[in-house]
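Listed here are the chains, written in short residue letters.
Protein chains: 4
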Amino acid sequence: MARTVSDTQAPVRLGMVGGGEGAFIGAVHRMAARLDGQFQLVAGALSSDPARARASGQALGLAEDRIYDDFTAMAEAEAARPDGIEAVSIVTPNHMHAAPAQAFLARGIHVICDKPMAATPGQAQAMAQAAAGSDALFILTHNYTAYPMIRAARSMIAEGKLGQLRVVQVEYAQDWLTEAADFKQAAWRTDPARAGAGAIGDIGTHAFNLLEFVTGLQIESLAAELHSFVPGRAVDDNAHVMLRLQQGARGQLWASQVAVGRENGLRLRLHGDKGGLEWDQEEPDRLWFTRFGEPRRLLTRNGAGMPEPLQPLTRIPAGHPEGYLEGFANLYTEAARAIRAHGTGGSQAQTLLPTIEDGRRGMAFIAACQTSSAQDAAWVSLDP
Amino acid sequence: MARTVSDTQAPVRLGMVGGGEGAFIGAVHRMAARLDGQFQLVAGALSSDPARARASGQALGLAEDRIYDDFTAMAEAEAARPDGIEAVSIVTPNHMHAAPAQAFLARGIHVICDKPMAATPGQAQAMAQAAAGSDALFILTHNYTAYPMIRAARSMIAEGKLGQLRVVQVEYAQDWLTEAADFKQAAWRTDPARAGAGAIGDIGTHAFNLLEFVTGLQIESLAAELHSFVPGRAVDDNAHVMLRLQQGARGQLWASQVAVGRENGLRLRLHGDKGGLEWDQEEPDRLWFTRFGEPRRLLTRNGAGMPEPLQPLTRIPAGHPEGYLEGFANLYTEAARAIRAHGTGGSQAQTLLPTIEDGRRGMAFIAACQTSSAQDAAWVSLDP
Amino acid sequence: MARTVSDTQAPVRLGMVGGGEGAFIGAVHRMAARLDGQFQLVAGALSSDPARARASGQALGLAEDRIYDDFTAMAEAEAARPDGIEAVSIVTPNHMHAAPAQAFLARGIHVICDKPMAATPGQAQAMAQAAAGSDALFILTHNYTAYPMIRAARSMIAEGKLGQLRVVQVEYAQDWLTEAADFKQAAWRTDPARAGAGAIGDIGTHAFNLLEFVTGLQIESLAAELHSFVPGRAVDDNAHVMLRLQQGARGQLWASQVAVGRENGLRLRLHGDKGGLEWDQEEPDRLWFTRFGEPRRLLTRNGAGMPEPLQPLTRIPAGHPEGYLEGFANLYTEAARAIRAHGTGGSQAQTLLPTIEDGRRGMAFIAACQTSSAQDAAWVSLDP
Amino acid sequence: MARTVSDTQAPVRLGMVGGGEGAFIGAVHRMAARLDGQFQLVAGALSSDPARARASGQALGLAEDRIYDDFTAMAEAEAARPDGIEAVSIVTPNHMHAAPAQAFLARGIHVICDKPMAATPGQAQAMAQAAAGSDALFILTHNYTAYPMIRAARSMIAEGKLGQLRVVQVEYAQDWLTEAADFKQAAWRTDPARAGAGAIGDIGTHAFNLLEFVTGLQIESLAAELHSFVPGRAVDDNAHVMLRLQQGARGQLWASQVAVGRENGLRLRLHGDKGGLEWDQEEPDRLWFTRFGEPRRLLTRNGAGMPEPLQPLTRIPAGHPEGYLEGFANLYTEAARAIRAHGTGGSQAQTLLPTIEDGRRGMAFIAACQTSSAQDAAWVSLDP
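Residue numbers (my numbering), protein chains in the order written: chain P, 1 to 384; chain X, 1 to 384; chain F, 1 to 384; chain L, 1 to 384.
No lab work stands behind these hints: they were computed from the structure. One or more of the hints may lead you astray.
To be verified - Restraint ranges, calculated between C-beta atoms of paired labels, are given here:
(1) A181(L) - E159(P): 25 to 31 Å
(2) E179(L) - G345(F): 42 to 48 Å
(3) G232(P) - E179(L): 49 to 55 Å
(4) S347(P) - A51(X): 32 to 38 Å
(5) L310(P) - P192(F): 56 to 62 Å
(6) A10(P) - P82(X): 21 to 27 Å
(7) E159(X) - F24(F): 35 to 41 Å
The C-beta atom is built at its ideal place from N, Cα and C for all residues, glycine as well.
Assemble the whole structure, with the sequences as input and the hints as a guide.
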């Protein structure tokens with residue numbers, strides 16, 4: 001049974017697991033939660049190191065009795081408080097997602113979990129079971145799905161503006177792991193035990209998820225070559241994948257963390273028999289749209305000619321750039337709405353929030369790529 | 001005397017004048033104040049219409065007794081509370097900046113004021129006197145000065161990377177007032193009584209301020225032609241200005257709200273005898289830098305080769321876009337630091353926060369443009 | 001009386017004055033004449049230095065008896081030959097345009113003359129008289145007018161797609177004269193006696209001419225500040241000009257040869273009450289078009305949705321870039337057509353080829369800028 | 001034995017097979033041959049239709065006795081003339097390359113042949129034998145290799161500026177065959193008998209050739225999926241290929257003629273362990289270069305900081321765009337030099353001109369892609 005949620009517009013009471021001082025993604029989650037004023041961070045197990053957990057909690061202004069160094073203790077204590085957290089953000093390394101997710105779900109506390117869902121299929125399955133057995137929501141932060149122009153692209157495709165999709169090209173290229181690195185962010189992401197996979201997991205799953213989200217088509221099978229270029233690296237740092245999608249569409253996916261010159265280059269190019277779309281995460285407010293036989297159009301967030309339904313996802317007028325944090329905040333604000341609606345019978349299925357099923361599917365994608373690559377890029381099915 | 005400020009990292013207690021439901025810039029100030037968690041909005045005189053003031057305050061979760069419909073009452077009540085506001089954001093139309101600024105400054109409450117400072121030079125002068133007579137800070141939200149790449153540009157120029165500046169081109173072009181408009185945002189901005197000026201005030205002052213901020217050079221004189229293209233419009237909607245700056249630099253400034261095809265196109269192009277810089281607000285994370293005789297370089301926020309000192313102004317890695325709200329939030333977060341430092345002897349002069357003097361200078365710029373334009377674009381001095 | 005011209009499609013017989021080895025613009029004229037096979041270079045007075053004239057002529061494969069070191073001798077000899085040249089290209093420095101133009105026009109030989117027309121108004125007037133007294137054509141190579149997308153822009157404006165023009169911004173920015181230079185191309189261009197003016201003449205006239213060509217509006221008056229930044233330079237290297245055009249349009253023009261980071265940046269931005277256009281010479285196949293209230297469209301040469309009438313100006317499909325030489329060649333190929341048509345009664349007025357009047361107007365523009373600048377940027381009329 | 005070639009700088013005497021009225025690529029070859037004045041077209045078998053051959057030859061100003069309707073007759077007659085052609089351009093559909101190539105090579109006339117070399121491996125082999133048995137040159141017009149910035153990229157890689165290459169991404173995307181088409185250009189290109197392959201042959205071979213040319217690395221094996229999206233189309237119109245290159249590099253290639261929104265999008269992205277390069281054919285004068293850990297640099301043709309050796313490949317200063325025809329002309333002008341050098345002992349191997357071996361390799365690439373695709377994208381070796 002889920003906890004009683006606020007029935008007013010008071011901020012949702014939020015806890016966090018992971019995200020202590022120096023962490024990247026934890027700070028992002030906090031800013032995303034804060035931007036629209038829909039959450040208030042009130043508790044945290046921010047580190048498994050007690051001293052660091054305490055220092056981090058104090059810096060964030062948490063009450064002393066709600067700073068925990070053990071997420072199980074936190075789950076128990078918060079579940080027992082009348083003013084306990086309604087939701088928890090899990091922002092630990094991949095291999096540390098499953099246990100806290102189970103602990104909070106079991107107590108009816110909504111889980112907002114970073115991606116990929118887990119480091120192993122076994123962990124993912126355990127999480128899925130926990131979610132199935134709980135009334136609480138499980139939201140996976142595939143944040144790129146919440147960019148306004150991505151939502152616009154999804155709507156346009158659903159409305160048939162591209163016609164039948166034929167060719168889809170998706171890539172996610174970075175260069176920050178071009179050389180061997182041992183700083184914190186790099187260390188766990190290149191450790192098979194903690195990350196489960198390399199580029200294909202850390203960013204490939206984003207590309208995979210975004211492609212399916214935008215096109216509405218599932219990938220049916222794939223042929224992948226994962227490669228590790230940096231000497232001594234134990235996980236892949238480059239992935240080339242060929243895709244066969246529903247309805248006969250074909251595609252290529254490229255994920256790389258050794259593409260010198262690229263910062264955070266997540267790009268989609270989608271071509272149907274009536275039109276085409278191009279989008280680049282580094283210019284997220286822009287979407288190129290071409291109707292076959294007509295000049296290219298540059299659509300912009302809140303720009304001239306854009307449909308109204310995107311308005312709830314944006315905050316400021318066209319030409320005033322919104323970025324990564326605003327996109328991430330869209331997910332949190334939708335989560336707040338879903339959490340409130342949940343108390344009155346709403347279902348996550350009525351939202352576009354990524355689910356446990358998206359998480360499972362991302363894990364299946366990683367596994368399929370690894371299987372294919374081990375078999376010399378043989379085609380591997382990705383069950384629906 | 002200024003009020004006692006928090007000596008912990010607790011959020012600064014903030015009030016707001018203006019910014020009721022439907023307002024654009026008020027919501028921006030609130031998001032900017034919220035993003036880094038350095039402020040908590042606890043009081044507001046959000047509208048002069050009591051019903052709207054109340055509804056707006058409730059929607060924002062303000063306590064009933066801190067929702068005011070009169071800023072004077074708010075200033076008095078908050079000054080008297082032990083937990084009263086430490087700072088107030090003034091986000092009313094231009095002609096309504098002076099009175100509340102005076103009211104709060106007189107009570108030692110720090111003022112964060114939207115730009116331009118006022119609708120008339122007289123109002124501006126009254127505000128300057130009030131600021132001079134108060135120990136409280138007066139911060140003008142020329143938000144574009146707080147973009148990380150703008151700060152980078154300023155540093156590079158100060159370090160001599162462009163050599164002696166020669167030619168500066170600045171423009172701020174929009175198209176949202178291409179046709180006569182009577183919706184709220186447009187209505188007061190095209191009313192001489194409430195706005196004081198048209199494009200030259202609303203956006204020209206941003207361009208002017210940003211140019212002086214980045215170059216470190218003052219404009220000594222100018223020749224301007226203000227024009228109103230839309231039938232029936234009582235203020236300028238296009239401004240062309242020639243500039244003579246310190247050290248012999250020359251420039252052009254263009255501000256327009258009728259430039260069809262432009263959304264929020266604030267651009268700087270700066271050319272010295274050793275190098276050049278280009279920046280466009282619609283791609284704020286990018287800065288083009290050319291050393292004479294070398295290829296153009298594309299510098300990016302947190303990107304390879306960027307200096308460390310910008311780090312406090314940014315939140316996320318390169319390639320993860322930050323935008324307008326993050327730039328605006330930089331100003332608020334710096335304001336929070338200044339407010340805390342103020343309690344322990346710090347001075348606004350130790351920061352880069354725009355001051356009452358920037359406000360006065362912006363008003364002088366508007367007046368000089370209007371005078372020049374009335375004299376057929378004669379050169380008019382802009383006293384230092 | 002004009003010489004008899006080819007009545008077949010045989011190439012037009014062409015001579016050249018100037019353009020010896022090492023010259024920039026002479027080689028450009030030759031490539032432009034050659035690209036479409038409509039001209040054959042058969043004679044030349046390529047240098048006033050006899051040895052260089054001979055070597056240059058031989059390198060180009062001219063017959064020995066048609067290599068001249070004196071343009072007057074060339075005019076006489078060619079006029080007397082039954083296979084004499086039909087047209088001559090004059091590609092000398094500005095102060096050496098008038099004399100050869102007069103010599104060839106007087107003998108009915110068509111003149112294709114580089115811009116600006118002359119170094120002084122007196123020279124320009126003499127040329128105009130010579131043209132008026134001759135039946136031969138006088139074509140000024142304002143080559144940028146012949147880019148396909150510029151012709152498209154002109155047509156769109158003529159058809160009313162921008163509505164009433166309001167604001168026009170034109171600039172031509174280069175950086176190659178950022179430092180004092182004494183190589184050949186720089187030497188005469190910075191010599192008042194040979195060039196007549198600096199940036200305002202060398203590139204400002206291009207910007208001026210292109211603006212009037214595209215908009216169909218004449219500049220009625222202007223206020224200019226010419227400046228010379230490089231120590232020791234005797235001509236302007238930067239020009240800022242405010243413009244008042246017919247029908248109440250307003251504009252700014254910027255010409256600079258000291259804009260570090262800019263290579264050959266001729267740009268037009270045109271805003272009417274119904275739409276806007278943007279064009280950049282460095283991406284000449286692209287034209288941004290915005291209808292007010294609709295997304296921006298990126299029109300391309302031969303691209304989807306472009307009108308047919310541009311076809312004669314292009315050679316290859318969309319996406320296969322055409323550049324500066326193709327644009328210049330368009331002028332030459334139109335000149336060949338005009339020369340042939342002239343033999344059968346056609347008039348230059350039926351073409352879009354720049355005329356002696358364009359040349360005169362360009363000289364008037366230079367003079368007006370110099371006059372205005374000398375009077376502290378006072379407004380100066382530019383008679384129609 | 002090759003025919004005696006000009007020992008002066010007189011234009012090389014050129015014939016053409018194919019390229020009659022309405023043809024695209026024939027006209028391109030003629031403009032490319034003409035631009036630098038190094039060739040003179042004097043003979044042609046421009047069509048197999050006698051009337052069209054005659055009309056086309058007349059329109060081009062060929063002498064009546066050198067207009068042929070049969071390339072064999074042309075080869076014989078021209079070989080017998082003292083002023084016969086020195087070289088012939090073959091611009092027929094792919095299946096009609098082999099026979100004329102054999103006919104001219106057998107008579108010692110140099111062959112400049114459009115790509116891909118042939119429609120079948122058998123034809124290609126016959127051509128290779130003919131070339132081996134002839135002293136004449138065989139030059140394949142992989143024109144994109146002659147863009148100046150492509151040559152710059154090749155040099156930079158050879159000099160080690162990217163370090164060890166790791167990941168290469170190459171694509172060639174167009175949209176002109178998005179729908180079934182029966183106009184001339186489309187008809188033969190989608191006919192298996194005449195073209196031999198679809199997108200993979202028409203544009204995929206360009207991408208393949210360019211990748212190997214620039215990187216200096218051969219593709220060792222590939223896995224391909226060719227697809228035909230347009231109903232009724234008998235050849236592939238989209239190709240996805242995974243690549244394994246020498247020295248352990250990995251890559252993806254994409255060729256498509258149904259990518260709505262793309263005009264002629266040939267792009268290279270090359271990433272080594274020290275640096276990266278990006279190039280787009282639609283902006284051919286630009287090359288992005290990143291040294292790992294430094295800001296991106298935008299190199300331009302003849303721009304600041306570019307090396308001198310590229311000068312022979314360019315005609316005009318930076319910022320004056322050169323395009324497709326200039327790149328193609330570079331190949332022709334290099335061919336003229338090679339033809340002249342050949343007469344004095346020079347060898348094609350001393351040039352960068354694409355050879356019969358490039359042609360053979362392109363055919364092997366097509367065949368490997370077709371084989372792989374027929375085997376469900378199994379890896380297929382591409383012998384060196």
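Consistency of the hints with the structure:
| no. | hint | in the structure |
| --- | --- | --- |
| 1 | A181(L) - E159(P): 25 to 31 Å | holds, 27 Å |
| 2 | E179(L) - G345(F): 42 to 48 Å | holds, 46 Å |
| 3 | G232(P) - E179(L): 49 to 55 Å | holds, 51 Å |
| 4 | S347(P) - A51(X): 32 to 38 Å | holds, 36 Å |
| 5 | L310(P) - P192(F): 56 to 62 Å | holds, 59 Å |
| 6 | A10(P) - P82(X): 21 to 27 Å | holds, 24 Å |
| 7 | E159(X) - F24(F): 35 to 41 Å | holds, 37 Å |
Hint violations for this structure: none, all hints satisfied.
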